[in-house]
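Asks: Each chain, written out:
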Amino acid sequence: MPSETAAPVTGVAPEPGVAKPDPILSVSGLRKSFGGLVAVHVDHLECQRGTITGLIGPNGAGKTTMFNLLTGFDRADAGTWSFDGSQLEGMLAYQIPRTGLVRTFQLTKALAKMTVLDNMTLAATTQRGERLRECLVRPLWRQQEREIEARADALLERFNLAHMRTEYAGTLSGGQRKLLEMARALMVEPRMLLLDEPTAGVNPALLQSIFDHVRELRDDGMTVMFVEHAMDVVMGISDWVVCMVEGQVIAEGPPASIATNDAVIDAYLGAKRTEEAQTGGGG
Amino acid sequence: MRPRTRAWGAFALLALTGALAVASAMPASAQEDDEETPVDEPEFVRGRIQDKTKEPSKPLEGVELTAKKGDREVGEAVTDEEGSWEIMLPGPGTYTVTLDTDTLPKGVGLRDEDKASLEVEIEEGRAKGLIFAIGERTTTSRSPAERLLNLGVQGIRVGVVLALASVGLSLIFGVTGLVNFAHGEVVTFGALIAFFLSASAGGPEMPLVAAAVLALLAGGLFGYVLESGLFRRLRRRRSGNVALIVVSIGLGLFLRHVFLIIFGERPRPFTEFTVQKNFDVGPISLPPKDFVIIGLSLALLVAVGLLLQGTRLGTAMRAVSDDRDLAEASGIDVERVILVTWIAGAALAGLGGVFQGITDKITYDMGFTLLLSMFAAVILGGIGTAYGAMAGGLVIGVTTQVSTYWVESKYKLGVALAVLILAVLIRPQGLLGRAERVG
Amino acid sequence: MDIVEVLADAIRVAIGPLAAAYALAAVGLNLQFGYTGLLNFGHVAFLMVGAYGTAITVDQGGPLWLGLLVGVAAAVALGLLFGLPTLRLRADYLAIVTIAAAEVLRILIRGPGEDSLTRGVFGIQRFGNDFFDLNPFPNGEYGIGRVSFTERGLWVLTVAWALVAVFTVLVVLLTRSPWGRVLRAIREDEDAARSLGKNVFVLKLQSLVIGGVIGAFSGMLLAIDRQSVNPDSYLPVVTFAIYTVLILGGPASRLGPIVGAVLYWFVIQFTEGFAREAIRAGWIPESVLDETDIGALRFALVGLGLMLLMIFRPQGILGKREEVLIDAQ
Ligand SMILES: Nc1ncnc2c1ncn2[C@@H]1O[C@H](COP(=O)(O)OP(=O)(O)OP(=O)(O)O)[C@@H](O)[C@H]1O
Ligand SMILES: [Mg+2]
Numbered sequence: 001m002p003s004e005t006a007a008p009v010t011g012v013a014p015e016p017g018v019a020k021p022d023p024i025l026s027v028s029g030l031r032k033s034f035g036g037l038v039a040v041h042v043d044h045l046e047c048q049r050g051t052i053t054g055l056i057g058p059n060g061a062g063k064t065t066m067f068n069l070l071t072g073f074d075r076a077d078a079g080t081w082s083f084d085g086s087q088l089e090g091m092l093a094y095q096i097p098r099t100g101l102v103r104t105f106q107l108t109k110a111l112a113k114m115t116v117l118d119n120m121t122l123a124a125t126t127q128r129g130e131r132l133r134e135c136l137v138r139p140l141w142r143q144q145e146r147e148i149e150a151r152a153d154a155l156l157e158r159f160n161l162a163h164m165r166t167e168y169a170g171t172l173s174g175g176q177r178k179l180l181e182m183a184r185a186l187m188v189e190p191r192m193l194l195l196d197e198p199t200a201g202v203n204p205a206l207l208q209s210i211f212d213h214v215r216e217l218r219d220d221g222m223t224v225m226f227v228e229h230a231m232d233v234v235m236g237i238s239d240w241v242v243c244m245v246e247g248q249v250i251a252e253g254p255p256a257s258i259a260t261n262d263a264v265i266d267a268y269l270g271a272k273r274t275e276e277a278q279t280g281g282g283g
Numbered sequence: 001m002r003p004r005t006r007a008w009g010a011f012a013l014l015a016l017t018g019a020l021a022v023a024s025a026m027p028a029s030a031q032e033d034d035e036e037t038p039v040d041e042p043e044f045v046r047g048r049i050q051d052k053t054k055e056p057s058k059p060l061e062g063v064e065l066t067a068k069k070g071d072r073e074v075g076e077a078v079t080d081e082e083g084s085w086e087i088m089l090p091g092p093g094t095y096t097v098t099l100d101t102d103t104l105p106k107g108v109g110l111r112d113e114d115k116a117s118l119e120v121e122i123e124e125g126r127a128k129g130l131i132f133a134i135g136e137r138t139t140t141s142r143s144p145a146e147r148l149l150n151l152g153v154q155g156i157r158v159g160v161v162l163a164l165a166s167v168g169l170s171l172i173f174g175v176t177g178l179v180n181f182a183h184g185e186v187v188t189f190g191a192l193i194a195f196f197l198s199a200s201a202g203g204p205e206m207p208l209v210a211a212a213v214l215a216l217l218a219g220g221l222f223g224y225v226l227e228s229g230l231f232r233r234l235r236r237r238r239s240g241n242v243a244l245i246v247v248s249i250g251l252g253l254f255l256r257h258v259f260l261i262i263f264g265e266r267p268r269p270f271t272e273f274t275v276q277k278n279f280d281v282g283p284i285s286l287p288p289k290d291f292v293i294i295g296l297s298l299a300l301l302v303a304v305g306l307l308l309q310g311t312r313l314g315t316a317m318r319a320v321s322d323d324r325d326l327a328e329a330s331g332i333d334v335e336r337v338i339l340v341t342w343i344a345g346a347a348l349a350g351l352g353g354v355f356q357g358i359t360d361k362i363t364y365d366m367g368f369t370l371l372l373s374m375f376a377a378v379i380l381g382g383i384g385t386a387y388g389a390m391a392g393g394l395v396i397g398v399t400t401q402v403s404t405y406w407v408e409s410k411y412k413l414g415v416a417l418a419v420l421i422l423a424v425l426i427r428p429q430g431l432l433g434r435a436e437r438v439g
Numbered sequence: 001m002d003i004v005e006v007l008a009d010a011i012r013v014a015i016g017p018l019a020a021a022y023a024l025a026a027v028g029l030n031l032q033f034g035y036t037g038l039l040n041f042g043h044v045a046f047l048m049v050g051a052y053g054t055a056i057t058v059d060q061g062g063p064l065w066l067g068l069l070v071g072v073a074a075a076v077a078l079g080l081l082f083g084l085p086t087l088r089l090r091a092d093y094l095a096i097v098t099i100a101a102a103e104v105l106r107i108l109i110r111g112p113g114e115d116s117l118t119r120g121v122f123g124i125q126r127f128g129n130d131f132f133d134l135n136p137f138p139n140g141e142y143g144i145g146r147v148s149f150t151e152r153g154l155w156v157l158t159v160a161w162a163l164v165a166v167f168t169v170l171v172v173l174l175t176r177s178p179w180g181r182v183l184r185a186i187r188e189d190e191d192a193a194r195s196l197g198k199n200v201f202v203l204k205l206q207s208l209v210i211g212g213v214i215g216a217f218s219g220m221l222l223a224i225d226r227q228s229v230n231p232d233s234y235l236p237v238v239t240f241a242i243y244t245v246l247i248l249g250g251p252a253s254r255l256g257p258i259v260g261a262v263l264y265w266f267v268i269q270f271t272e273g274f275a276r277e278a279i280r281a282g283w284i285p286e287s288v289l290d291e292t293d294i295g296a297l298r299f300a301l302v303g304l305g306l307m308l309l310m311i312f313r314p315q316g317i318l319g320k321r322e323e324v325l326i327d328a329q
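Residue numbers (the numbering used here), protein chains in the order written: chain X, 1 to 283; chain F, 1 to 439; chain R, 1 to 329.
In case anyone wonders, no lab produced these hints; they're calculated from the structure. Every residue, glycine too, gets a C-beta built ideally from N, C-alpha and C. Keep in mind that a hint or two might mislead.
[Stated by the list, open to error] Among the chain F residues that face chain R by a calculated CB cut under 10 Å, a handful are:
hint : residue
1    : V74
2    : L118
3    : E119
4    : V247
5    : G250
6    : L251
7    : L253
8    : F254
9    : A418
[Unchecked claim] Some chain F residues flagged as far from chain R (calculated, every beta-carbon gap over 10 Å):
hint : residue
10   : P42
11   : G229
12   : L425
Working from the sequences, and respecting the hints, build out all of it.
Replies: This is the structure in C-alpha cells:
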C-alpha cells in the first residue's frame with residue numbers, strides 16, 4: 001500500500017508518540033483549550049523527514065487548531081516544538097515560514113484581488129524590494145524580481161496555472177485556488193508543508209493532480225503533513241498516518257495498521273462520514 | 001450584485017422619513033429667541049440670577065458681580081429687577097466672574113458654595129451666558145467622601161442611560177457584525193421626536209411622558225427603516241465589514257447635519273422637569289428626575305435581560321450571534337431576528353436619547369457625542385452581548401463622572417475615550433466576550 | 001443670480017490651496033486605507049499634530065523650518081503611538097480606537113488655558129510669516145478671467161500642488177514595488193501574508209507612519225495658509241471628508257486623491273454658492289433653508305456622498321472594482 005519508493009519509516013512501532021529515526025518536526029506536551037474545551041492535547045508527536053504524513057480525525061478533532069499552534073497563528077497554553085533544529089514556540093507567525101515550515105489554510109487564502117502572478121511573486125522570501133529603504137530604487141531589485149518571476153512561472157507551469165498568470169486570483173475555481181495556494185507556498189522554498197485539507201471543495205478531476213504534486217514534492221525531498229477526510233486517499237498516498245480524536249493522538253502508524261486499528265474504527269463509526277459533505281467551500 | 005433599484009428604494013424611504021421630520025420641524029425653527037445669539041462686536045458675559053427654588057422662579061435684584069482677568073478687575077455689574085446682568089469685556093480671553101454672596105437676600109445662597117467664582121473663556125466677538133445656581137444656602141460644605149458618593153450616583157445615572165442607548169449597538173453587532181457609526185443618530189432622533197412632540201412651539205405640546213413613549217416607538221420605526229431599507233440590502237450584496245463601516249459613517253454624517261438644519265445649533269431643554277429642587281436620600285442629593293431615570297432605565301435593562309434569557313426570541317438572537325449559519329440551518333428565521341433586534345435596539349436608543357435630553361440638553365449632535373462613549377461601553381463589556389453593554393455603560397458612566405473629582409470636567413469625554421482605548425488594547429474581546437477563531 | 005460668479009468661485013476653490021491640502025491628506029490616507037486597508041479614522045490627528053508642531057515651535061520663538069521639522073517628527077511619533085498598540089486589532093476596532101485617540105488628543109490640546117503651549121480654545125495665529133516672506137511672485141492678480149488669485153494665493157497654491165506632486169510620485173514608487181505588493185496582500189488577508197513570512201506588523205506601521213507624515217504636511221499647509229490653528233478645526237468630520245475625497249477619486253489609484261479633491265471642492269463650493277444665491281433670490285423659502293444652514297448642508301452632502309459612493313461605486317472614478325475592499329471574504 002505505501003508508494004513505490006521505499007517507505008522511509010520502517011521499523012517504527014505503530015503506537016502514539018513513537019520516536020522516528022530522523023524527525024524534522026517534533027512536538028511535546030502541546031496543549032490548547034478554549035474555555036472548558038480541550039481542543040488540542042498532544043503528548044508527543046514526531047514527523048519523519050522526507051515522508052508524507054496523513055493527519056486524520058473527525059470534525060472538531062483539533063487538526064486545524066494544531067496547525068494554528070505549530071505555525072504561530074494561535075498561542076499554545078503549553079508545549080514545545082522544534083522544526084529542523086529551530087525551537088518554534090514563542091516565535092511569531094511570520095517568523096515560522098522563514099525557518100522552512102509553511103502552512104496552507106483549510107479555507108483557501110488565495111489573494112483574490114491580486115493577480116495569480118502577484119500571488120506567486122509575493123511569496124518569495126528575502127526580497128530586497130520589500131525593504132522600505134530599497135524599494136524606491138527599482139534597479140536595486142529589478143534583477144531579483146526577474147529571477148523570482150522566472151521561478152514563479154516555472155511553478156505555475158507545473159501546477160497547470162500558467163494560462164491564468166495575469167488573471168485576478170478571484171477568477172480561479174476552488175480547485176485552482178487550492179493549487180495556487182500550494183504553488184505559492186512552494187515559492188517560500190520550504191522544507192516542510194502543512195496542508196490543511198488541500199482537497200476540500202476540489203473537483204475530483206483535479207483531486208488526483210493535487211496528490212500527484214504532493215507525491216512529486218516528497219520525491220524531491222520535501223516533508224508533507226496534510227489533513228484529509230477521504231480515507232481511501234489518505235491510505236493511498238501517505239507513508240504514515242496520524243489519527244486525532246478530541247485533541248489527542250489516539251493512533252499513528254503505516255496506513256495498513258491504521259486501517260485496522262480498533263480505536264480509529266471506533267472514532268470513525270461514532271462520527272460517520274457525513275463530515276466530508278460539510279467541510280469545504282473554498283472561499 | 002443586486003439590482004440597483006432596490007437600494008434606491010431604500011433611499012426614497014429614508015428621504016421620506018427626513019421629509020416628515022422637516023415638516024414637523026418647521027414651526028420650531030422659525031421661532032428663535034434672542035437670548036444667546038452671538039453679537040458681532042465686543043465680548044460680553046451675561047446671565048440672570050433667579051431663585052428657582054420658588055414656583056414660579058423669582059428674579060433677584062441687586063446682586064453684585066465682578067469680572068477679573070488674572071488679578072485685574074475688568075468690569076462689574078448689579079442685577080436689575082429682572083435679575084439680569086451683563087459685563088462688557090475688553091477682549092477675548094479667560095475671565096473669572098465672581099458673585100458676591102453677601103449681596104444675596106437672606107436665606108438664599110448658592111446651591112454649591114464652591115461655585116461663587118466661575119471661569120469663562122470668551123472667543124472673539126462672542127457673548128457667553130453664565131449660570132450661578134441659586135438654592136437654599138447649604139449649611140455645611142460636603143465632605144470629600146460625600147462628594148465622591150454623589151458623583152458615583154450621578155455616574156450611575158449617566159451609566160444607565162448610556163447602557164440603554166448602547167444595548168442596541170451591541171445586539172445589532174451581535175446578530176449582523178455591523179459596527180454602526182450611525183447609532184448615535186438614532187439616539188438623537190428619539191430626543192428630537194420627543195422635543196417636537198412636547199416642547200416645540202408648533203408641535204402638539206403633549207406631556208413629555210407621552211412624547212417619550214412615542215419617541216420610543218419612533219425610534220423602533222427608524223430602526224425598521226434603516227434595517228429593511230439599507231442594511232439588509234447591503235448584507236444581501238455581501239458588502240464587507242469595511243464598506244459597511246464607511247456607509248454607516250456617511251449615514252451618520254448625513255443624518256446629523258439634516259438634524260442640524262432642522263433643529264438648529266443651539267442646545268435646548270425640554271420644557272418639563274428642567275429645574276428641580278434636589279431630593280435628598282441620606283447623603284445623596286439629586287433632582288428627583290434623576291432618581292426616576294435611574295429607576296426606569298434599570299427596570300428596562302432588567303426587562304431586556306430577562307427577555308434575552310427567557311424568551312424564544314432571545315434564544316434565537318443569541319443563536320444568530322453565535323453562528324448565523326447554524327441558526328439558519330436549525331430553522332431560525334435569521335432575517336426576522338435581525339429585524340426585531342434592529343427595531344428593539346433602535347427603540348431603546350431613542351428612549352435613551354430622551355433620557356439624555358432630560359438630564360442634559362438636546363442638541364443635534366448629542367448622539368454623536370455619546371457615540372464614542374457608547375463604543376467604550378460596548379467594547380468594555382464585550383461587543384455583541386446585552387449584559388456587556390449594561391456593565392460597560394455603568395463602568396464608563398461611573399468612571400467619567402467620578403473622574404471629575406480630580407480632573408476638570410472639560411476632560412470628561414477624554415477620560416471615557418481613554419478608558420475605551422485601554423479596554424480595547426488590554427482586552428479586545430471585552431470583559432464578558434470571547435476570543436475569536438483564527439485560521 | 002450670477003451663475004458665472006458661482007462657477008468661477010467653485011473653480012477657484014477646486015484648484016486652490018484648500019483642494020491641494022485635501023488632495024495631500026488623501027494621498028496619505030490612500031497609502032493607509034487604499035493600499036494597506038488600514039481603517040484609520042483618526043487621520044485628522046496627523047493634520048493636527050503637523051499644524052500644531054509648526055505653530056507651537058514658531059509661537060515659542062523658533063524659525064519656521066524648525067517648525068516644519070517638528071511637525072513631521074510629531075506625525076512620526078503619533079504614527080508610532082497610534083500604530084504600536086492598535087495595529088494588531090481587527091479593522092473595526094482600529095477604526096474606533098483611532099477616532100477615539102484623535103479626539104482625546106484634540107481634547108488635550110483644547111483643554112489648557114490661553115497661556116499654555118497650545119493656547120487652548122484660542123489657538124495660535126500668525127506663525128507663517130517666514131513662508132510668505134519667501135514669496136517670489138510680485139504683487140498682483142494672477143489668473144484667467146474671474147478665476148484669479150492674489151500673489152499670496154498663487155504662492156500657497158504653487159507650493160501646495162508641488163507637494164501633492166512630490167508625494168503622489170513617492171506613493172506611486174512605493175506601491176509599485178514589492179513592498180507595495182505586500183501591502184496589497186495585507187489589505188486583503190493579513191493571515192495569508194503572515195503565512196508567507198511577511199512581517200505584517202512592521203509594514204502596517206510603516207504605511208501608517210508614512211501616510212501620517214503626508215497628512216501632517218497637509219495640516220501644515222492648511223495652517224500656514226490660514227495663519228491660524230485652532231483645536232476645533234480638527235473634528236472627526238475632517239477625517240470623514242478626506243475619506244469622501246479618496247473614495248470619490250478612487251482608493252488605491254494613483255491620481256484618485258487629486259481628482260477626488262478637485263471634484264469634491266468643486267461640487268461643495270458650487271452647491272453652497274448655488275444654494276446661497278437661490279436663498280437670496282427667494283427660490284428656496286427661508287423656513288426650509290437659510291444662509292446659516294449652508295455649512296450644515298455641506299456636511300449633509302458629504303455624508304450622503306460618502307454613503308452613496310461606498311454603495312454604488314466603491315472604486316470611485318479611477319479605482320479598479322476588482323481590487324476594492326467591498327465584499328466580505
Ligand atoms: N477560537 C476558537 N474559539 C473557541 N473554540 C475553538 C476555536 N478554535 C477552535 N475551536 C474549537 O476547537 C475544536 C477543534 O477545532 P478544529 O478546527 O481544530 O477541528 P478540526 O479537526 O480542524 O475539524 P475539521 O475537520 O472540521 O476541520 C472545535 O471544537 C472548535 O469548535
Ligand atoms: Mg480543520
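Asks: The structure should be examined with respect to each hint, and the outcome stated for every one.
Replies: Evaluated hints:
1. V74: Where the cut-off is 10 Å and the nearest Cβ of chain R is about 14 Å from V74 of chain F, the hint is violated.
2. L118: The hint is violated - L118 of chain F has no Cβ within 10 Å of chain R, the shortest such distance being about 14 Å.
3. E119: holds (8 Å)
4. V247: With a closest approach of 5 Å, the V247 of chain F hint holds.
5. G250: With a minimum Cβ separation of about 3 Å from chain R (threshold 10 Å), the hint on G250 of chain F holds.
6. L251: Holds: closest Cβ of chain R sits about 5 Å from L251 of chain F, inside 10 Å.
7. L253: Given a least distance of 3 Å, the restraint on L253 of chain F holds.
8. F254: holds (3 Å)
9. A418: holds (6 Å)
10. P42: Check passes; 17 Å lies beyond 10 Å.
11. G229: holds (12 Å)
12. L425: violated (5 Å)
Hints 1, 2 and 12, counting from the list given before, are not met by this structure.
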